[in-house]
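Got chain A; can you put chains B and C on it based on the hints?
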Amino acid sequence: MGTDGRALRRFLRNPSAWLGLLVMAAVLLMAATAGLFYPGDPQGMVAKPYLWPGQDPAFPLGTDNLGRDVTAGVFHGARVSLWIGVVSAAICLTIGTLVGAIGGYFGGWTDDLLTRLTEAVQTMPSFLFLIVLVAIFQPTLATITLGIGLVSWPTVARLVRAEFRRLRGQDFVLAARSLGFPHWRIIFQEILPNALPPLIVTTSVIVASAILTESALAFLGLGDPNVLSWGMMIGNGRAVIRTAWYLSAVPGALIVLTVLAVNLLGEALNDAANPRLGN
Amino acid sequence: MVLRMPSLSRRAFGAFGAAAGSALLLPRSLRAQEEPVRGGTLRFLVDPEPTGLVPLSDTTGANVMLSCKITEGLYGYNLDFSLRPQLALSHTLSPDGKELTFKLREGVKWHDGQPFTSADVAFSLMTLKTSHPRGRATYANLEEVQTSDAHTVVLKMKAPAPYLLNALAGQESPIVPKHIYDGSDIATNPHNHAPIGTGPFKFKEWQRGSHMIFERNEEYWDAGKPYLDRIIVRFIPDAAARSIAFETGEVDVGGDYPIPYSDLERLSQVPTLGIETRGYGYGPNISAIEFNLDNPYFAKPEVRQAVAHAVNKEILLQNVYYGFGEVATGPIHQAHTQFYTPDVHQYEFDPERANQLLDQAGLPRNGDGVRFAVSHDPLPIGNQHIQSGEYIRQALAQVGIQVTLRNQDMATYIKRVYADRDFDFVNNTMTNSPDPTLGVQRFYWSKNFKPGVPFSNGSHYSNPEVDRLLEAAQIEQDPAKRVQLFHDFQKIVAVDIPTLNTIAIQTFTIHSVNLKNHTLTADGIHANLAEAYLVS
Amino acid sequence: MSLRLLPVFVRALVRSLPTVAIIVVFNFFLLNMAPGDAADVLAAESGAATAETMAATRARLGLDLPLLDQFLNYVSGLLRLDLGFSAKFGVPVLEVILDRLPNTLLLMVTALVFALLVGILAGFLMALRAGSLLDRAISVVALFFYSIPSFWGALMLIVIFSVQLGWLPSSGYQTIGFEGSGLELALDMARYLVLPALSLSLFFIAIYARLTRASMLEVYGQDYVRTAVAKGLPPGRIALRHVLRNALVPVTTVAGIHFGILLGGAIVTETVFAWPGLGSLAFQAVFARDFAVLLGILLLSSVLVIAINIATDLLHAWLDPRVEVS
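Protein chains in written order, with the numbering used here: chain A, 4 to 282; chain B, 485 to 1020; chain C, 1368 to 1693.
Bound conformation, chain A alone (with noise of 0.2 Å):
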């Protein structure tokens, strides 16, 4: 469709799409390095406990209580929350994308059921979800990633569900089906793609809220302590946000950067793909 090239025109165009970029690929470049910059275990003692940013030319940002280097931390830390964010969002993307469009696509009673299921774990406070499954699997890189991404796609689903429904009619469709079309083909090959736009800007939102989401667990002390995310620095450093508050204000600067890049890309993906809500 000729409207690509303009949307793509309109994104760059966007200064806020610009700045998203822009942070988005220092931070890729930092988990990209890290293993060249940083080899060897992250979470090595290697210092003087305390060491305040600056104070040691070879440790950047300091060193933690353990006397641990932050700027290998945050390094590594960018690998692991990044992995985070992107595994997430895929596993919620799957299920979401997979309930929404089969329910979208076959209605009736299938499509009741699955509206239901979807429901009833909407219904659930998702954060408080997570904390029990978190809590009752352990904590570990795997739980947590996983349950991110099991407490999130009923919004996915709704979405992807809605433009089933609305796409299912329509000529390209009908005439895909009476051309006899397997009914997996029809859903991911004619009508996902056409159903990506919005599920695009969606996904930047949870890959932001995957990070934050994790941030937060490790602030409640349900983190994996064997990896080293940038919420698990922050947990760590919490206990002297008073007195070493550089060891959680690194960390929590570099979330907030990033979450702010993932939703200006999004905010600038979205307003690219529908042109009257933008300028």
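Just so you know, not all the hints are guaranteed correct.
[Unchecked claim] Which residues of chain C face chain B? A partial, calculated answer using Cβ under 7 Å:
hint, residue
1, Pro1402
2, Thr1417
3, Leu1522
4, Ser1538
5, Thr1638
Please keep in mind that the hints were generated in silico from the structure rather than gathered at the bench.
Where is the CB? At the ideal position from N, CA and C, for every residue including glycine.
Just chains B and C now, with coordinates in the frame of chain A:
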């Protein structure tokens, strides 16, 4: 384990002050005696919210901390551990140690106006024997309590119980009204949440999740006391918020390290606050690494010794406990002066020696430099255990032991370690209790290996000689001989290290400088606060 | 209008029954998969136990029964409107929940109303000046607050307003033992409410602002608004009367969903500010394995979400007469 359990025998805290090397330990309350002031409301911080207010069957930490304001015991214990008459005035012990007679205070009334008599004491002690988690051990030898008159009770025992006189504080052996509890299910009696006692304060209200209010008992037996009009108890779940509440003066006092160790230095600079380290002799805590001796690696003495050589206790003390305590040498806390001995074997910090021992044990490093991999479970209380775990992981990585930390909540931890025994080694805090027989024996006595029971012999340590010493100390009447038995016990355990004791922790109270007389006894602010007062 | 809505009401209630049933069954068995039970936690917090005291606690709490019997007991209790007994507090669950419910509602309503007011105002301004520097500036600021981890924001508010400035209390919901009443009491409680409500609302302001902006721009594109513009009605009047009013439909829908979810979800805020609400209660119940309380809260919040869905339908009928009641 952990929280707040009592213990007798406490030396002056001076050595701790020196160990911590910081002026912040100087008690500001040691000033010239002033005239007590009547009136005022004390705002008392506890965390977590208690589950009840009478420690009969439920001895959770906050419950034990608060109950004495309302419910008293037979004796209190001065800072030097001399007895302090409370509901009992005096006692006599028969020469064979099997008959203990108490003279009770007369003219005492329960908060509902009923008179306090020997029947209440007899009922309470027999109830403790059946319902209290530690009472079963404390009163194991108690057969019967006779009430020869309204103010005399005679405890008849089948064998001597030399530790019993150490367990009579209200927080450990509360005396409750028979007319309220008799015939009811002790654990579910509604008065556990709205207690009726003989203490200086009366229970007024409990707004769950927010606060409690205790009012002055106008008819308290110690005329003129208490000085305070009211105690408001607040619950603040977040550690940083607790520090701030002290800083802004929203609460006046809190005990049992109410804030993280890391915030102490800063709060000690706040001119309106004082930090008190006395008043914890009744229950000093030892932090320890407990091995599962059923694990094939840790079953080998060389491996445990290697861990002992690889872990620098001084780093744990300085970086996790911020200097609040001393390096532990064995199973008995330094604060238990009458039982403690430093004259035991020590495995000094020496990673090279650790590597040699592991080589000798037939555990060479593989291509990645790893000898073997184990999991480590830190006790899920506070952040000190997980921080200790992080240090232990890094320290053991140096000698080729790969450690994975497991984070979990308390219920999971208890089930894993004590019921399922699905663990390799843990780090936790063990409380020494009023007497080693009550507080230390349980971790090392082979007959207390009881899967499913929290804070039993979790390492599955079994040494016939240790069993013999502990069992002899249970009934030894001669104090000097009893001390010798415990010294011998410490020497063996320090060599065997089924549990590597790391830090003898110094617990502390934070208080407003306006609060006076808050720590007069060995159990500090766990006591009844009848003499505490506020100046403006 | 009420007659027109009655069948909707009944249908919604009937429709919600299976949802509630799913929640009860699913949560009961999910929670019982957790390792350890309330007796373990009570023993752990007591610092000592014997096999006998553990067994006594389990028998008292009914934890020694087979799981299916426990479930049947729970369900038969529910049918009698009995939510069970709290293992941690030793009192009926309903009492524990009702103690906290007013505090939670106060915090939620205040935070959401504040977030709605500020969010709608911001969204309104952004929509009027869509594409301008003002639009982008407000958007970035709102997103910034949205991106701050809630606990961090809460602690910083405390440090600034309680510690540095000393203006507001850092924790609690009122001065304990406060003697005043009426206006005095309301003012006292308001001082405690400001920081937690503000901290909670920061997250939602951005959502409402963006929603208001988007739906206003959408309404601007519709025929009747174009007609109004063509007729030369004053722009301010169009914006307020025609556009904003209709644009509020999606905003209030989302706010309704948030309200229901927040009931058990303000865990972090309630924990940091020691606010005695349902969120911190639920959080503690997880760790205490106090499942009767937890199930009670989950049940209550799902019932509330359903009630709110019905309420928002009514609100929409009022905001936009064109909304059909289906």
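Report the numbers of all earlier hints that the structure fails to satisfy, in ascending order.
Hint check: nothing fails, all pass.
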